[in-house]
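Protein sequences appear in the order of chains W and S.
First residue of the first sequence? That's 9 in my numbering, and the numbers climb one at a time after it.
First residue of the second sequence? That's 298 in my numbering, and the numbers climb one at a time after it.
To be clear, the hints were calculated from the coordinates, so they are not data collected in a lab.
Idealized CB from N, CA, C, for every residue including glycine.
There could be a bad hint or two in this list.
To give a feel for the contact side, a few chain S residues facing chain W, derived at Cβ under 10 Å [stated by the list, open to error]:
| hint | residue |
| --- | --- |
| 1 | 352 |
| 2 | 422 |
| 3 | 449 |
| 4 | 462 |
Within a straight-line C-alpha distance of at most 35 Å, the following computed DSBU-like cross-link-like pairs (lysine-lysine) qualify [as the list claims (entries may be wrong)]:
| hint | chain 1 | residue 1 | chain 2 | residue 2 |
| --- | --- | --- | --- | --- |
| 5 | S | 426 | W | 10 |
| 6 | W | 10 | S | 422 |
| 7 | W | 10 | S | 523 |
| 8 | W | 23 | S | 426 |
| 9 | S | 422 | W | 22 |
| 10 | W | 379 | S | 426 |
| 11 | W | 23 | S | 422 |
| 12 | W | 379 | S | 523 |
| 13 | W | 379 | S | 422 |
| 14 | W | 169 | W | 155 |
| 15 | S | 482 | S | 523 |
| 16 | S | 427 | W | 23 |
Looking from chain W toward chain S, a few residues come up when the C-beta cut is under 7 Å (computed) [to be verified]:
| hint | residue |
| --- | --- |
| 17 | 18 |
| 18 | 21 |
| 19 | 83 |
| 20 | 304 |
| 21 | 307 |
| 22 | 385 |
| 23 | 386 |
Each chain, written out:
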Amino acid sequence: MKFLHLIGSHLRHKKLRTALTLLSITVAFVLFGFLSAIRQALVGGVQMAGADRLIVRNKISIIQMLPESYQARINRIPGVDFATHQTWFGGIYQDPKNFFMQSPVVPQEFLKMYPEILLSPAESNAWLQTRTGAIVGRKTAERFHWKIGDQVPIQSTIWAKEDGSRTWVFDIVGIFDGRDKNTDTTPLFFRYDYFDEARRYQKGQVGWYIIRIHDPAQAAAVAQRVDAEFANSPAETRTEPEGAFIQAFANQTGNIVFIVAAILSAVFFTLLLVVGNTMAQAVRERTGEFGALKAMGFSNGQILALVLAESCLLAIPGGAFGLSLAWLIIARGDPTHGLLPMFYLPAHDIFVGLGISLLLGLGAGIFPALKARRLQVAEALRRL
Amino acid sequence: MSENPSSNGLLVEIVGVEKIFQRGAETIHVLTHLDLQVRAGEFLALMGPSGSGKTTLLNLMGGLDRPTEGTVTVAGERLDQLPDRRLAAWRARHIGFVFQLYNLLPALTAERNVELPLLLTPLSKAERKKHVDTALAVVGLSGRARHYPRTLSGGEQQRVGIARAIVTDPTLLLCDEPTGDLDRKAGDEILDLLQALNRDYGKTIVMVTHDPHAAARAGRTVYLNKGRLHHEPVQ
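Just chain S, with the same shape it has in the complex (with noise of 0.2 Å):
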């Protein structure tokens, strides 16, 4: 495993943290004195109505998006602190995204879609191959790297996503409701393949969902409301 949790066994460690947006005079206030850990080898679901800050908080701990105030630390980097360029490079190395609508290039196969994260890497043509055919294979769908994502089934699509994920073998999975647009049983599979890189692989998980059936497959939930974090269900 890459991960490499602070000396207690914390891999995100988010203190203080106040995401505050301005859209023209308006000044929202999505996230509020936001505390928040993760341990190394967690599957933790985050919760929360929509508009309660769930992927805004996401995208501080994935390095897209930088908190107002507070800190931000994964895998021992400072994130609010890293420049622009080095946060691309820090985000290649070690966080894999799987996104609601999978995001998938629709001008490329499946193989070259897992492929994309390779080619930030000084990794050989060959090598790049090995990594794509064992992330394909750990998602099942060995037999359909050749297909465009338009062929493939929304399902099939989000297990491209997760290979693409995991190809680099990240540190962190950050998953944005990656059941949000599937049926009930192609949501299974994905909370199936998700709970399985948790137990098997040790991956680190962070899934936001407004499900609480996804929810259950998490080892610990919190929630969000109005840009707080509660450890209990807000009712």
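Looking at chain W on its own, in the form it has when it is part of the complex (with noise of 0.2 Å):
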């Protein structure tokens, strides 16, 4: 501690250098929480995933429906709990910018098989008393500022009713929230009876089935029973684990890490060139000075430490205030309203970026720390 005023000291000293730099640092930071919550936003489903849940999908292509008869084979097959199935929707509220999912579910199934979402038990009376409610999530229904009672008309871009129109009314009885913070709170889920009467084709399709098996270390040999039972069939399946399906689904818009780490990549390259050459500088104009000091007795292992000492001091702040300005920025939510519904900035990034900021130091430090140890004193009070 009692070097800590003499290894800040130049950083005071050179005011505008120092803050040039600070200000490069935090703004590389704020891009690395970003990013980061725009990748778990994107991938978080996957780690949300059950163990123990498998997705059915039609062979052939995820937009492909799947019988509803095939519900009650699969829950004959050895090793499957129970099964229920979802429907991709694809309603508009209002505008096609104010994207959110929604699906029609067996509600009784669909909560059990999903404990995650949280519904209050008169909520879930009241939505198998009322064949057009629908239950949504918190996030969307304080997005639209939706309460119970509220009538919600979407429009549907796939489903034609039998009217010929596409505008399906729901009833507003159940507003959910998560059991965890990954959980997306922000779909609608409405009875899949209604939409099976009402809706003009397809009837008695549904999009995948979901199973819940009883021991997740049998989910390969459960998937193989469920695509075998199907096998040869006109829909033959493909089963696999609910974070395979979802990571499949995220895959669609890239390969989202690569893309991440590829450009934080960069980002930190091009930081670790700036500061770097901040701190080869910052010993090249103290030569002087560092030969002062060992003269008067500060080891060649002191010298190298108080220049990485102050490299850290560079980068370590700059990173936590990129951080945590990126956490303020992020926690007013998804600036996509809608398309990155578990928009947030993970506690393990923080860690990992505060740990790259301590790298960024190091890295930074290193080659003008080992410049200034090498130093031989003689010399060096020669460079006045």
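Got two chains here, each in a separate frame; can you build the complex from them with the hints?
Next comes the structure, spelled out in structure tokens:
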């Protein structure tokens, strides 16, 4: 601690240079925080996917339907606890920009399959009592200021009703919360029986099945049995763990993790050069000072430590400030208003960010520190 | 006092020292067959023309450089045999340097500059402050402790340099052209201070200078010419 004043003195002495370098570090870490939140929003569902849940979809494509009659057969397959289904509704509320997912479900089965969906018993009962009833996640409810009792018209881009209209009106009977931070509270779920009766075509067809299995360790075996059950049928199936299914969705926008990593690598490499240049300049212009310190008795190791500490004193606060700013911006919510429902900066990424700032400090400072360490005292004192 | 001279009262013993520098293909003999003794409590001036090896000799005495041949013994320690890490620690304990261009850290106040050598000791913050205040009082700069070097005159900066050199109560003070960058008046004040340190505090001082006026303040003067030591001026 007694060296802290010495370490920080040069940074305080060169205020403009320090401020500009700090600013570049801060901006880089704001970007890091933002990209981390975007990555989390796109792949977070993968992390939250149930280890004991499998998804059964049409082997040809996710947009091809499966018969509702498959449910009974799936329920009989060894290893299966129970199955339910969902279908992509693809609706629009007022404006295409107001995106959020909607899906018809069988209420009791759905709530049993997803215990992370928290709905009060009263609201659950109301849903069972109301044919046109829908439950909506709290994020979407707050976004559009919906409350229980509201009627919400949604325009489907896919499903026409018997009367030809594409406007489906739902009664909000419940607002659900998520058990975990990562639980998506943007979707709207309504009753499948209402949907199937009212839709004009593809009656008795569903989008995909969700299976709860007894033993997650048997996932691969159960998946094989499910697909074998429907092999050589008009609608063959492909069964996979829920995480892989969600990952496949995320991969449709490209390999997000790779893209984010590539961008951040380029940014931090450039930053390393910037901070490294700052430190190299700082050491070059203080050759005489380091000579004087060595003459006083500072060892080569202490000089190395002083330069590294100065570099870290620049990098770590800059990184921390950038991450703090990112956190504040991200806390305001999904900037796309619906496309990134789980938009937040995970604590893990904050710690990773701080770790990167430390590595940045060490990486940027190591070569100048070694140079200062190697300075011959007599030679350094001649360079005044 | 913290000096530990040999049994014959010698603080510095340089015997048969050669110093050769290699500059590419060129070999430069800076010091040749040099013998020098400095007694504890002495004020010695080292004079000579530019390039005669004065600073090199001073650096050898201060453990900043090693001789190519010969031995350098200061305060009973063979500097030519000490490993680098121990040499740094030895320097911190025994040597106080005063540089021609002061070599103060511009980002630190006068008192923080004076404190620097004390950071290498186990003294507490309060103890360091006490030593710093004492050193600044000795050089007459108690009222300028919080000033940065850029707001001090040349003479004041050199006095801060001297305070820094004496704050650890070193065995030996090595001064490299301490008045070289000062006008006559400021230079005389510095020389007065060095004389007082020698006379009143018993500090052993070796001062490199090319100025006969400064050398006259010392108790003894030796002369370097083309790397060889003389005890009389060389014409």
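Of the hints stated earlier, which fail here? 3, 7, 19
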